[in-house]
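In order, the protein sequences belong to chains A and B.
For what it's worth, this note's numbering labels the leading residue of the first sequence as 1097, then goes sequentially.
For what it's worth, this note's numbering labels the leading residue of the second sequence as 1206, then goes sequentially.
If you are wondering where the hints come from, they were derived from the structure by calculation, not from laboratory data.
Treat the numbers as computed from the prediction; the structure is a model and nothing was measured.
Any given hint might turn out to be false.
[To be verified] List of simulated lysine to aspartate or glutamate pairs, DMTMM-like, C-alpha gap at most 20 Å:
#1 A:LYS1164 with A:ASP1258
#2 B:LYS1293 with B:GLU1385
#3 B:LYS1384 with A:ASP1258
#4 B:LYS1335 with B:GLU1208
#5 A:LYS1164 with B:GLU1385
#6 A:LYS1259 with B:GLU1385
#7 A:LYS1298 with B:GLU1385
#8 B:LYS1412 with A:ASP1258
Now for the letters of each chain:
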Amino acid sequence: MLIEMPSVLPILVILIPTGAAVLIYALGRLSGQLREAIAVIGAAGAFIVSLAIGYTALHGAVLTSVGKQLYADPLSALLVTLVSFVGLMATLYSLKYMGHQVHEGDLPHTTTSGRLTAFYGWLMLFIATMLWACVSNNIIMLYVAVEASTIASGLLVAFYWDKRSLEAGYKYLMLLTVGITFSLFGCVLVYAAGAGILGGSKGLLLSELKPIAGRFPATTVALASAFLIVGFGTKAGIAPFHPWLPDAHAEAPTPVSALLSGVMLKVAIYALARTVSLFYPDFPPIAMFALGLGLFTLVLGDLMALVQDDLKRMLAYSSVSQMGYVLMGFGIGTQLGISAGLFHMVNHALAKSLLFLAAGAVIYSTGVRHISQLGGLAKRMPVTSFCFFAGALAISGIPPFNGFQSKLALFVAGANAGAWIAVIIGVATSLVTVVVALRAARSIFWGKTIEGVGGSTIREAPASVCAAMVVLAVLCLAIGIYPRALYTPLKAASETLQTIRVTRPETLVRENTCTKYRLPAELRQ
Amino acid sequence: MTEISRELVHTLSLLMIFTSFAAVEARNLRHATLAYLAQALLICGLLVAYSVGNEALLYWAATALVTKAILVPWFLWRSTSGAEQETKPAIGFGVSAVLLIALLLIMYKFTHVHAGLFITVTGGLAALAKTNLAVAFTVFVLGLYAILTRRDAVKTVIGLCLLENGVHLSLVSLAPSIKETALAGIATEVVVTVYLLLYIIGGIRQKFGTTDTFQLSELHW
């Protein structure tokens, strides 16, 4: 039983990085160290507040602010912790990395200091808007926050201001805004139906809509779900609405790529789950549709990743595929399916951020991003090599890394729900992921040294760059070895979403002939 | 709402479709901007006409006036300085006009027939809401058409503005009691998005020497 409790924490978690952004714009040009200190304090402050929100959520409290407009339940707590943690890692990574990437005279009429001030300012706003989306209880403001995160990251995608990044920035802003506008239509339809029953502004609150969504007319539900899936699905990189993703993720500065792939996609799928799952108990075909879309996404993403030579594009397509797994979990629709989807969402956030940061370290040291032009870096970059392999094994679902645990949970959930075709497709695609990730890792770090690429001058990336990667790599390993640590928050988070009703008695723990994997007590219904 | 107000709303609603058509089909970007400006003023007029009995809509009208009728057209006008002629679209004028009229008629008719499923108001206002919703969806689809068929990046931004106008208009029928804060959030985002898009398009014009989206081919599959 969750108890609602007024608190300032949901506001603080948004205000701290926003305030940091304002301070950076005001004072950032005075000193580089001051600018970086404000950014680190802003990101770290948001993370500390997120931990406090997470702690209270685990103890059965839902924190509310501004008349329940902001609402931090266990699912929001999980998301804000994830976003602020990856945000902090990306900020720490940026300290050395961005200084190396920006040079005086790159752009006319712009100084290095001015560009870096803009970078850190937008970075803080990007983190703040994602956190806002995670705690928004107002369905229209949820749309506003998700779109605000697009706006905040638009100039970050185009940051290098060359032909490639400008093209990526244009596509990113245009396609995402069009997509997200569909979700606004969906939100408005849900609100209109909800307001008709609840009356007044109560129809805006997701927490109030949850118990009455079953009374909505079927036509409204069908149309609203379609709009919401297209809208938030575009932002989440769900196929076939994903074409913006590889361009934006590949052309943005690496710390931004890590945030885009690591957490922004998760915020979008969170918005999708929050809204569409309202209709799960009474309109189960929506879950089936989500499952189909998830399977299509995971297969297409992996096949596209298989043919990429550009390291960052390969990772971007791999993100499309992994988002397919998350959607598969939500599409299975049972509590175990949703728990597994959330588990994979967390694991992918950590592993993909790690991979992007490691790819950035490779680019930092060699100046090259094509896999075929890289080779034999393991001896010169041992830390990056270890971290990249850790990330590659994690997204491939190889034990003892975290991806193994969440993929196994997904497949068990699918099997329990009788979705055998989904399980078979998921397992087969996972094998392709192994090929994609490990082939790239082997080629870059163990392959033959390519002459002329950096030569003997190649060195390991700086300590602050490596530190962020090592923390993420250790977490991937730690969760893989001891997944139980996440079961309680995952169970609490999954219980805040509506699940489909199953007609046959479902035991989430089943020892059958196909799997002897026994789920721990924390995840049982 | 009085009979005159209803007639006024019907007339303004239908004029919205004509301005959308003009904004999509005008080959001169400044003419298209003016058509968009006219549409923004029509939205303000519509909101004022609807505000009889719901004064909160006057606040909407003021927001729309500042964001849609002043800021966005100003940004568009500035960005077309020295490059007023649109890059030749993917579909020629004749075919495009026929397609657009067909799309317009189908969308309007289809939505008008089915709009009743989503409308919460009853009585005399229901017919008005149906027209409003039909116009909103039609403007939305015309905006989408512009984005999909126009090669000029600035024209795609105008298409995006039409798309947003369609959604904005639908709020009047679907969510007339929506809070002002939510509305201000939506309106502000449109302005900021348009500004940033035009800023990036300015960079594209510098680097590529054109705003023809077909020339943006640095990134491949």
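| field | Given hint B:GLU1385 paired with B:LYS1293 - CA-CA distance at most 20 Å | value | Judged against 20 Å, a Cα distance of about 41 Å means the pair is violated.
| Restraint status (C-alpha distance of A:LYS1164 to B:GLU1385 at most 20 Å) | Roughly 16 Å between the alpha carbons, so the hint for A:LYS1164 and B:GLU1385 holds.
| Are the Cα atoms of B:LYS1412 and A:ASP1258 separated by 20 Å or less? | Holds: B:LYS1412 and A:ASP1258 sit about 7 Å apart, inside 20 Å.
| task | Decide if the proposed pair is consistent with the structure: B:LYS1384 and A:ASP1258, CA atoms, cutoff 20 Å inclusive. | result | With a Cα-Cα distance of about 41 Å, the restraint between B:LYS1384 and A:ASP1258 is violated, given a limit of 20 Å.
| said: Hint check: A:LYS1298 vs B:GLU1385, CA-CA at most 20 Å. Holds or violated? | reply: holds (14 Å)
| Between A:LYS1164 and A:ASP1258, does the CA-CA distance stay at or below 20 Å? | At roughly 44 Å apart (the allowed maximum being 20 Å), A:ASP1258 and A:LYS1164 break the hint.
| message | Against the 20 Å threshold, does the CA-CA distance of B:LYS1335 and B:GLU1208 hold or violate the hint? | response | holds (16 Å)
| query | Under the criterion that the straight-line Cα-Cα distance not exceed 20 Å, is the pair A:LYS1259, B:GLU1385 satisfied? | reply | violated (40 Å)
Consistency note: the structure conflicts with the earlier hints numbered 1, 2, 3, 6.
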